[in-house]
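Peer 1: Next come the chains, spelled out residue by residue.
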Amino acid sequence: MVEDTKLLKDDEALAAELVLGLLDGDEKAVALRKQLSDPTFAQYVDDWNRRIDPLFHEFQEAEPAASIWDGIENRLDNGSSDDSVVRMKRWRTGAIVSGALAACLALALIVDPTPNVAPSEVSTVAVAQLTGDIEGLVLAVSYNPDTAEMRVDVNGMPETETAPELWIVGGDGVPRSLGQIGRNGISAMTVPSDHRELINSAATLELSMEPPSETPHAKPTGKPVASGKITFI
Amino acid sequence: MSQESQTDRARAQLSNLLGQAANGDRQAFQDIYNLTAAKLFGVCLRILSDRQASEDALQDAYVKIWRNAGRFDARRASPITWLATIARNTAIDRKRSGGNRVMVSDDAITEMATEERSALEKLEAREDRNILNKCLDNLEAKQRNVIRTAFFEGHSYNELAQKLNTPLGTVKSWVRRGLKRLKDCMDDG
Chain X
11 MVEDTKLLKD DEALAAELVL GLLDGDEKAV ALRKQLSDPT FAQYVDDWNR
61 RIDPLFHEFQ EAEPAASIWD GIENRLDNGS SDDSVVRMKR WRTGAIVSGA
111 LAACLALALI VDPTPNVAPS EVSTVAVAQL TGDIEGLVLA VSYNPDTAEM
161 RVDVNGMPET ETAPELWIVG GDGVPRSLGQ IGRNGISAMT VPSDHRELIN
211 SAATLELSME PPSETPHAKP TGKPVASGKI TFI
Chain U
9 MSQESQTDRA RAQLSNLLGQ AANGDRQAFQ DIYNLTAAKL FGVCLRILSD
59 RQASEDALQD AYVKIWRNAG RFDARRASPI TWLATIARNT AIDRKRSGGN
109 RVMVSDDAIT EMATEERSAL EKLEAREDRN ILNKCLDNLE AKQRNVIRTA
159 FFEGHSYNEL AQKLNTPLGT VKSWVRRGLK RLKDCMDDG
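Protein chains in written order, with this note's numbering: chain X, 11 to 243; chain U, 9 to 197.
Extracted from the complex, chain U is given alone in its bound form (with noise of 0.2 Å):
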C-alpha cells in the first residue's frame, strides 16, 4: 500500500509540475527535467543506439514538452507515460527521417529480457506490469516476439519484415494475433 500511495505521490507531484510548466513556469518545468531526463534518455538511447542521435531526439523531446504541456490530460494517461511517449515517438520520427539508419544486432529480442530497477522506477505500480507479462508470456514466442520488438526498437511493420526476414502479410498476421489474445487476457484481468 505504502508502494501505492509514493506512486501516487509521485504521479501527482508530476502532473502539477506539468501543469505548472503549462503555464510558462520554467522552474517547474527544468523540475521535470531533473526528475525525468534520464529516462527518457534511455528511451531514446533504445531507440536510436546513438548518442549524439539520442541527445539531439531528447532536446527535440523536451521543447515539445514544453509547448504542449498544456495537453496533458491526468485522466488520460499517468506523466511519466505521457512524458515517455513523446520522446519514444520522437525518437522514431528521427530515426525514420533517414541519414540515421541504425543497424540493429539479431539478438536484440533476447537483450530486451534485461531489465534494470531504476529509482524512478521503483515508485511505479507494479501491478499493471505484472498483469501484462504474465499476458504476453501467454503468446506464442513469434507474437511475443514482434511486439516486443516494435515496441523497443520502433520498427514499423515494413522495418519488422525486413529485419525477420519474413513476409509482411505474416508479420502482420502474428502482431494482430498476438494482440488480439493481449487484449483478451488483459481485459479478463
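The following block holds chain X by itself, in its conformation from the complex (with noise of 0.2 Å):
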C-alpha cells in the first residue's frame, strides 16, 4: 500500500512514541533530552498530545479514598501551619523514597530506575560528594559508566525560588549542565552521550541555583553552591 511506504519524520515518531509511553531506557531519555533542547522537537511532542488528547476521556472515573488527600498534603513543602517542622519532616521522608517520581518534570530526564546490568558485570563507579557553603547541603553522586545512569541524591537543600542546576566540569574548566533536578530525594538520569567522555577522575560536579528552566542552560548564572570531585572506584 502507497502510505505504508510513506513513514513519518524519525523526530515525528520518537515524538508520538515518547507520548504514547513506548520508550524505555536509554531512548526515552534521548527523546526527554531532546524535548527540552529541540524546539522543532518540543513541537512535535505537542501536536501529539493534542492528537491523542481525546483518549484520556476514556479513563473511568474511579473515588480514591478520602485518605490520600491528607497524604499529598502533608509532603507538600511550603507548609506554613505549626506543625510544619513535622510536615516538612514526613515529606523530606517520602521525597526520598519518591525522589525520581518527583523530579521527573523539573528534571525530564528520568529513566527506568530497574538496573539493567547486573551488579557482577558493573566494573566501576564514579563517585562525588558535593558540598559548599550551604549549612547541611550534601549530594551524594554515583555514576555507572556502563549505563551512563548517573544518580543525585540531595539532601539539605533550602527553600529557594531558584532550582537546583548540575554541571559537570571537565578539564578545560567549562562547566556543561546536566539538566535540572529534584530538589530532595534522589533523581536518577542518563548522561547524555556527549558529555559521558567529561566524566573522568579530573572532572568536577559542580550544582548551580538557576531560574527554574524546562531546558539546561547555557552556563551558569552564579557561583556553585556545592562542588565536589570525581572518584573512581
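By construction, these hints were calculated from the structure, which means they are not laboratory data. If you're wondering where the values come from, they're calculated on a predicted model, not measured in any experiment. Worth double-checking, as some hints may not be accurate.
Claimed, not checked - If you only want the chain U side, here are some residues facing chain X, beta carbon under 7 Å, derived: (1) 41; (2) 66; (3) 70; (4) 158; (5) 184.
Said to hold, decoys possible - For each label pair, taking beta carbons as the anchor points, the in silico distance ranges come out as: (6) U:174 x X:225: 36 to 46 Å; (7) U:38 x X:206: 37 to 47 Å; (8) U:83 x X:139: 34 to 44 Å.
Ideal Cβ placement from N, Cα and C applies to all residues, glycine included.
Since each chain sits alone in its own frame, please combine them into the complex, following the hints.
Peer 2: As C-alpha cells, this is what we get:
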C-alpha cells in the first residue's frame, strides 16, 4: 500500500512514541532530552499530545480513598501551619522514596531506575560528594559508566525560588549542564552521550541555583553552591 | 455551542486554579484535587491495575503537580490533559520501576472499548474525540490495537512485543505505520 511506504519523519515518530510511553531507558532519556533542547521536536511532542488528547476521556473515573488528600497535603513543601516542621520531615521521608518521581518534570531526564546490568558486571563506579557553603547541603552522586546512569541524592536543600542545576566541569574548566534535578531525594538520569567522556577522575561536579527552566542552561548564572571531585572506585 | 462554552469555562477555571497553585495557594490546589482526583485516579488504576499502587502513584502525581504548577502553559495543553498526563506518566514510571509488575489479561484490548461518561467528561468538547476515533477506525485492526494498548496499559515497545508474542520490529512497524496514517487522517480534518 502506498501510505505504508511513506513514513513519519524520524523525529515525529519519536515524539509520538514518547507521548504514548513506548520508550524505555536510554531511548526515553534521549527523547526527553531532545524535548528540552530542540524546539521543533518539542512542538512535535505537543502536536501528538493534542492528537491523542481525546483518549484521556476514555479513562473511567474512580474515587480515591478520602485519606489520600491528607497524604498529599503532608508532602507539600511550604507548609505554614504550626506543625510545618513535622510536615517537612514527613515530606522529606516521602521525597527520598519518591524523589526520582517527584523530580521527573523538573528534570525530564528520568529513566527507568531498574538496573539493566547485573551487579557482577559492573566494573567501576564513579562517585562524588558535593558540599559548599550552605549548612547541611550534601549531594551524593554515583555514576555507572556502563549504563551512563547517574544518581544524585540531594539532602538539606533550603527552600529557594531557584532550581538546582547540575554541571560537569571537565579539564577545560567549562561547566556543561546535566540539567536541573530534584530538590530533595534521589534523581536518576542518563548522562547524554556527548557529556559522558567528561566524566573522569579529573572532572568536578558543581551545583548552581538557576531560574527554573525546561531546558538546560548554557552556563551557570552564579557561583556553584556545592561542588565535588569525581572519584572512581 | 453551550457545550463549548461550558468546556471553555471548565478549562478557564482549572487554568486559573493552576495559576493560583503555582503561587502557593493551597486552597486552589485542594480545589484542583477535588475537581480532578477521580479522573486521575482512574488513569492510575487503568495503568497499574492495583489500588494501593494507584493511590501511591496518585499522591506522587499531585505532589508533582503542586511543585510544577508554574510550568503549566494553557497555550500548549488543556489543563485536564496536562494533569492526566502527569498521572499517566507517574503511573507508568511506577509500573516500570519494578516490584509492581502487573499482569494484564489478554482481552484487555476489548475491555478498552468500554466507556463511561462522567460529570467532568460531559464538560469536554466532543468534536476532537470524534475525529480521533474516526481516524483510529480507519487503521488496520492490529495498528489500532497496539496504539490503544500502549496508551491505556502504559506498555513500552518491549512489553508490547512480549504481551503480543510478536517480534519487536513487527510491533514497531505496526505502531509507526498506524501513527503515520493517524496523523495524515487527523491533519486532513
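Peer 1: Taking the earlier hints as the rules, which of them does this structure contradict?
Peer 2: none
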